[in-house]
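For reference, the chains in residue letters:
Number of protein chains: 4
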Amino acid sequence: MEAFTPESQWQSLLDVEAALAAAEADAGVIPAWCVADIRAAARADQFDLAALTSESTLAGNIVIPLVKQLREAVRARRADAAQYVHYGATSQDILDTALVLELRAASSLIDDALARAMAGTALHARAHATTAMAGRTWLQQASPTTFGLKAAGWLDSLGRGRQRLQAAMTGALVVQLGGASGTLASLGDAGSAVMEAFARHLELGVPDMPWQSQRDRIVHVAAALGIACGVTGKIGRDLVLLAQTEVGEVRERGMPGEGTSTAMPHKQNPVRAVTAIAGAIRAPQLVATMLAAMPQEHERAAGGWQAEWATMPELVRVTHESCDATAQALSQIEVDVARMRDNLQARGGLALSEALVSALSGQVSRPDAAAIVERLCRAAAAEQRTLHEVAIHDANVRQALSPPQIESALTPEHYLGSAAAFIDRVLRKWGG
Amino acid sequence: MEAFTPESQWQSLLDVEAALAAAEADAGVIPAWCVADIRAAARADQFDLAALTSESTLAGNIVIPLVKQLREAVRARRADAAQYVHYGATSQDILDTALVLELRAASSLIDDALARAMAGTALHARAHATTAMAGRTWLQQASPTTFGLKAAGWLDSLGRGRQRLQAAMTGALVVQLGGASGTLASLGDAGSAVMEAFARHLELGVPDMPWQSQRDRIVHVAAALGIACGVTGKIGRDLVLLAQTEVGEVRERGMPGEGTSTAMPHKQNPVRAVTAIAGAIRAPQLVATMLAAMPQEHERAAGGWQAEWATMPELVRVTHESCDATAQALSQIEVDVARMRDNLQARGGLALSEALVSALSGQVSRPDAAAIVERLCRAAAAEQRTLHEVAIHDANVRQALSPPQIESALTPEHYLGSAAAFIDRVLRKWGG
Amino acid sequence: MEAFTPESQWQSLLDVEAALAAAEADAGVIPAWCVADIRAAARADQFDLAALTSESTLAGNIVIPLVKQLREAVRARRADAAQYVHYGATSQDILDTALVLELRAASSLIDDALARAMAGTALHARAHATTAMAGRTWLQQASPTTFGLKAAGWLDSLGRGRQRLQAAMTGALVVQLGGASGTLASLGDAGSAVMEAFARHLELGVPDMPWQSQRDRIVHVAAALGIACGVTGKIGRDLVLLAQTEVGEVRERGMPGEGTSTAMPHKQNPVRAVTAIAGAIRAPQLVATMLAAMPQEHERAAGGWQAEWATMPELVRVTHESCDATAQALSQIEVDVARMRDNLQARGGLALSEALVSALSGQVSRPDAAAIVERLCRAAAAEQRTLHEVAIHDANVRQALSPPQIESALTPEHYLGSAAAFIDRVLRKWGG
Amino acid sequence: MEAFTPESQWQSLLDVEAALAAAEADAGVIPAWCVADIRAAARADQFDLAALTSESTLAGNIVIPLVKQLREAVRARRADAAQYVHYGATSQDILDTALVLELRAASSLIDDALARAMAGTALHARAHATTAMAGRTWLQQASPTTFGLKAAGWLDSLGRGRQRLQAAMTGALVVQLGGASGTLASLGDAGSAVMEAFARHLELGVPDMPWQSQRDRIVHVAAALGIACGVTGKIGRDLVLLAQTEVGEVRERGMPGEGTSTAMPHKQNPVRAVTAIAGAIRAPQLVATMLAAMPQEHERAAGGWQAEWATMPELVRVTHESCDATAQALSQIEVDVARMRDNLQARGGLALSEALVSALSGQVSRPDAAAIVERLCRAAAAEQRTLHEVAIHDANVRQALSPPQIESALTPEHYLGSAAAFIDRVLRKWGG
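Going down the list, the protein sequences come from chains A, B, C and D. Quick note on numbering: this note's numbering labels position 281 of the first sequence as 938, and the sequence is numbered without any gaps. Quick note on numbering: this note's numbering labels position 304 of the second sequence as 961, and the sequence is numbered without any gaps. Quick note on numbering: this note's numbering labels position 321 of the third sequence as 978, and the sequence is numbered without any gaps. Quick note on numbering: this note's numbering labels position 227 of the fourth sequence as 884, and the sequence is numbered without any gaps.
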């Protein structure tokens, strides 16, 4: 991902310093002539990044050594411009605004991955609207559903997940500028003017007040990322379960060398779906750390803010990886329609038990119908026969239904209820 | 809280069963004459709740024994109506829709608590807009701020927290109705009609498709609750720190018997603020559990949904308790303005160091000014003198500033920057 | 569970108050004649528990109103004895020591559940030591294993989990007694003597110093509980996966009414295994809350300790429920040996691919053997033939192996390596 | 930290491959002549680590491309040796055993940091055994304690934390070797012999059976790390609170450039203590991820194991950083004994209220004494007088105590109870 790399993070910090100088010049706080030199010096590829990293441990944050190097770089260009670097700001102003820049870049990439995942799953929803397969509840076969409806469920949650992330980002795209204690006193009367120019240069919004120890906007983004990982984790888990050797209804088509095993030549591991599952195991706790860090003391935290530094980037990376892997998986799976139908017949076709109850309900009360079918199911299981065989020879059933009616009742495609209508609504909402 | 109590939860389940019957009668799926008896029987105070709880362990969920008891209660009123109880539904339809009803009730109470907290903090923001106090960063005194600005920060985040919860709830206020596998096949062609009537009876929205294993709407609410706890936890932490014996800037006014100690008669513990902190320690992990439970298998989970059952109610309770405690604390704190000013003079008034840098910056470069003041601060600390005393005798300072200018520079009220403007914007946005 | 119920918790608090009085009488701090009345009054069934609960919110903790009621109860027996109730102690002394008593009771029940789970799984390990079944990695069939080895893995981790919990409990079985600030100053010179007698009366250990804000012993217990939930969650997940309709290798035998569905008469949901999975989803975050609460301020926390109050009991309950459900599941599952063997033949028997590589490795290099078998596997999958059929007609294979050798190589029971030896070692370590 | 760096992790993987070859040669599974070439080729500095990282995404884990490169490197030395690389093993064998090697290295460094932290805090415990300071509960001043007792509490928990980590590591220092499905079938009859030789070469223990999907040993280490972070987080929080400008009882002595601010020249931020707090905010969730990942499917996980890969190293790094920062902080803090005594007199010396109750208890009942002193405390607070002034003029008090007795009762050093005895015990246990 081209965001939250070491290089991009350093560059964002420098972009913020450059925008600050430009904004202060616009507001007349510092002379306009110094801006070009500051901007020219603010190039991460000219810095000794290893030295910055090691000095930051001592200083307590990474901006302190960065400002020092930037001042030197500006001084080398024009000595009297150096004093205007980082003028009136505090480290957190730079770090938080750079975080927002990185989030903007990263969320765009995640949005793209979610869009690709949606496109991939919409194709399945449309193509397999009437492809019957076993519903599965508590990991036991249940009444039939369609692969299209399963895909529509994925699509619907992906769509909401994408909207949610966009909404959270919209709220978070504001600069942070507060100076030492959040009053911008160091800028005298020019605080508001500088803040507005600063935001304009970075194409970000202006908050009503600085937010250095009010982290809810960032944490809201974290939550949206975490939910996206939950959504893709559910897709990944469904795919892995469907890809089981004994189920075999979908398969991740591997590229050469992908998903192989060092021990077993036949293996084709569903590595992309597993990546999404692993992301869904990790993301909840990364979100929790962001939440746990929220009670930040007074005007700048003693622990909570510092806990965010490694956590938020990792959450973004995990989310991007999960969404991207899901998009890839969804675009490359092979769907085995025959296997889906075969599996519905496995175990005597008991998955259609409710369908038979429904058919009988016209003639006897629903609880009575359920009792009859429960008895048939037990018999079928005990005698290793199919539900169809047992039903067709049962007096109670035969009294209510003719053989063709029984046949029809036990046909999965006849018992799909509103599946097609649901798929249609979901596709209309999210396009595809 | 009048939601998520054992009684309210049982009643919500029964309300959902009653609404389902009414909806199915509207759609012609079951006869209209049975609805009144089902509704009349659906009263939690008539049920043996202890028996339901113990039977639910065996059955795997609480709806199974509930439906059994409800059928019996209906049968007692009219025998042939019993068969129409829970017609065509599955347990999760009832549990999830009842969860939404409870969330609606609870979120209204939380919204009210947040509104009260906002009103209380808005008063402080307005009343103390110019009350200078030490800013504090890394728990060290920093440049001054005002108590009004601190309160404005609380207000701003409370306002966003409230909006965020409202938005999340808006998305979550939809019925769940899917039947065995989410196709509503048990309702034949009437699935959509029943779902719409069901929603109408409960005054909830209609989702595009059932969402029994797509939990993102609920988890979004969970996240909004968790963020609200983070917001109130930050307020609680600030209050507890300000209430420390050595700081003494605010105090929770206790009612008799409140916040006392069994050992020490002088104690007045900030119990409400601590309640908010404790909530902010617990909520992140409850949110994480909701996120971790998201990858739910196929059409109904084998673990994840079940993990939600105790978690979501507890998260709601913790959030309500935190928000309510915060509202109470904010409405009852005593603010000690004199102490705020005294504390700014403590430790030689070094908190004004940046103010002196700013004053000097007109005459020398800002880095030079910072170097001068850093020297003065070290001298003041070493000699136990005030920054003012050291500054007024320093040749460099005297060259740049007259004694009245030094005096003015070190007056906290002169170094508050945009604090008033920020407060004004926040109050305009959130009223109060 | 007969621990951490509301009643047992109130009684433990009262037991601690009674033991404190007895210990103080032993040390001569209070008169011996008051002890019998305090002990007689300290019976939870005589208290108005609802009133205690509601007053505790105001006071900040539940001991404050309890001591008040206890004093009144003692006064009713003998007026001048009331003053010796809770003498020199602070609320946290009572709460923490009562927590230890409840943990002792609960951990004994959890230990018993783990022992039952071990006994149940040891039977499977022994009985199925040579029952071949598909190994499964990344949820794809892999080289065969035995059901006995799978059970041995469960047993081994259950055994370690049980030892770990016992060890953590051994460290935690100490009284807490520190008075207001942890110095026991309220007891004058008698602090150590009282602490020792207090411990003796409760059959607990004596810590080197009070630990009211050093929570590591309790958190160590929490971690051991969490790991036990992870161990049982793994067993639960394996069982649910094996019980899938399409796999069908084990089945939870339900009692009547157990694991049924309100919609589908054929369902037999694995409710006990799912309980264990749900516990493993919840416990990690409950442990995390206990960890997150550890940085407790100075001599008594402002948030962290309070966050423990509901968390630790819930973690204990979840663990007991998970361990008990696992023990029940393991004692009641039906193992379908025929199905295990059938599944190994499914999908062309590719699960034996590595076995064929091993057989070929005597003749060609292992990487070459792997390349040959990889080719055969691709052919078998493409042509829907078995690995055996493809192998027996392959020139490379035939050059190296005779038909009986191929047959033997592809017999699962011939490719179980050290499984029996591993099982043997595990059974010897943990008995059974 | 010289462990869990990218380079050290690659080298550990290669060390494991080399040891495997040596072990297999010892057991006669592969020829002895190939070992030297494999060992010689297994040097991370000869590999293209960037290529390995990028290929690992495709393959699903990092061992697959590593083995490929290692085979090529061996082939370059001696063509027919290449086939014996990674013989009969699976990727997870290598990854897990290398993880154990890295944990061994890292835990030794963490143990060293904990030992340094213990030594530093033992000095304070001894030097300040009788240095009175305010106890603080709920962040309000309480009865006095000593700085030595506070330090003893830190020492005691550090000692237990260190022992706990050592014990967890002892249990985890075992090789993982199971082959494709955990049976070691690929090694024929030599499984046990190879496993023992493998362990001998790496100086690790032999487990009773492979543990590739039984993660409790590793998670136990994770829990011990998390608890260590909780212990150091508590120390960090105490230090930061004591270092507050208004408290000023300890101060982190900064090296030049350490803990400074880009805005305020007077700042000396407690960066080391804050590092420990930040670690204690992050670690709980990293532990929770390890716990959440435990229910790993069958013989190799589809998600849980993969979630560990980045989590465990990060937890180790966070723990090392926290322990090291704490050790540094404890060795470099300045303790301001005068300030400690001054703070006890602040707010009218009310912190001694319980001491006065104790003194009065000889004459009146303890509850009566508490009632008297509570009244005095309210009067003192209302009239801004000291508790001493109010007490000396109170008729009830004067009836019971003479002025010198009152004076003595309100002397902090006279009300330290068993503090010295507790410190003594803790120092005797942990040395120092």
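Hint data in this document are derived by calculation from the structure and do not stem from the laboratory. None of the values given here were measured: they were computed from a predicted structure. Keep in mind that the hints are not guaranteed to be accurate.
No distinction is drawn between identical chains; accordingly, a pair holds when it is met within one copy or between any pair of copies.
[What the hints assert, rightly or not] Each computed SDA-like pair below joins lysine to any residue, with the alpha-carbon atoms no more than 20 Å apart:
| # | residue 1 | residue 2 |
| --- | --- | --- |
| 1 | 725 | 711 |
| 2 | 725 | 1025 |
| 3 | 725 | 712 |
| 4 | 1086 | 664 |
| 5 | 1086 | 762 |
| 6 | 1086 | 865 |
| 7 | 725 | 988 |
| 8 | 1086 | 732 |
| 9 | 1086 | 998 |
| 10 | 725 | 1022 |
| 11 | 725 | 1039 |
| 12 | 1086 | 1039 |
| 13 | 725 | 1084 |
| 14 | 725 | 853 |
| 15 | 1086 | 733 |
| 16 | 1086 | 734 |
| 17 | 725 | 1051 |
| 18 | 725 | 999 |
| 19 | 1086 | 911 |
| 20 | 1086 | 1053 |
| 21 | 1086 | 1004 |
| 22 | 725 | 693 |
How the hints compare with the structure:
1. 725 / 711: Cα proximity of residue 725 and residue 711: one copy only (14 Å, versus 35 Å across).
2. 725 / 1025: Close across copies (14 Å), not inside one copy (82 Å); limit 20 Å.
3. 725 / 712: For residue 725 and residue 712, the Cα distance is within 20 Å only inside one copy (11 Å; across copies 39 Å).
4. 1086 / 664: neither (39 Å within a copy, 38 Å between copies)
5. 1086 / 762: neither (27 Å within a copy, 29 Å between copies)
6. 1086 / 865: between (35 Å within a copy, 8 Å between copies)
7. 725 / 988: Neither: 49 Å inside a copy, 29 Å across copies.
8. 1086 / 732: Neither. Shortest intra-copy (57 Å) and inter-copy (43 Å) distances fail the 20 Å Cα cut-off.
9. 1086 / 998: neither (29 Å within a copy, 47 Å between copies)
10. 725 / 1022: between (82 Å within a copy, 15 Å between copies)
11. 725 / 1039: Classified as neither: same-chain Cα gap 80 Å, cross-chain 27 Å, threshold 20 Å.
12. 1086 / 1039: Intra 47 Å, inter 39 Å, cutoff 20 Å: neither.
13. 725 / 1084: neither (55 Å within a copy, 38 Å between copies)
14. 725 / 853: Neither: 26 Å inside a chain and 56 Å across chains, both beyond 20 Å.
15. 1086 / 733: This pair counts as neither: shortest intra-copy Cα distance 58 Å, inter-copy 46 Å.
16. 1086 / 734: neither (56 Å within a copy, 45 Å between copies)
17. 725 / 1051: Neither, since 88 Å and 27 Å both go past 20 Å.
18. 725 / 999: Neither way: residue 725 and residue 999 sit 69 Å apart in one copy and 35 Å across, limit 20 Å.
19. 1086 / 911: neither (32 Å within a copy, 43 Å between copies)
20. 1086 / 1053: Result: close neither inside a copy nor across copies, 45 Å intra and 57 Å inter.
21. 1086 / 1004: Answer is neither: 37 Å inside a copy and 40 Å across each miss the 20 Å cutoff.
22. 725 / 693: This pair counts as within: shortest intra-copy Cα distance 18 Å, inter-copy 51 Å.
In summary, the numbered hints that this structure violates are 4, 5, 7, 8, 9, 11, 12, 13, 14, 15, 16, 17, 18, 19, 20 and 21.
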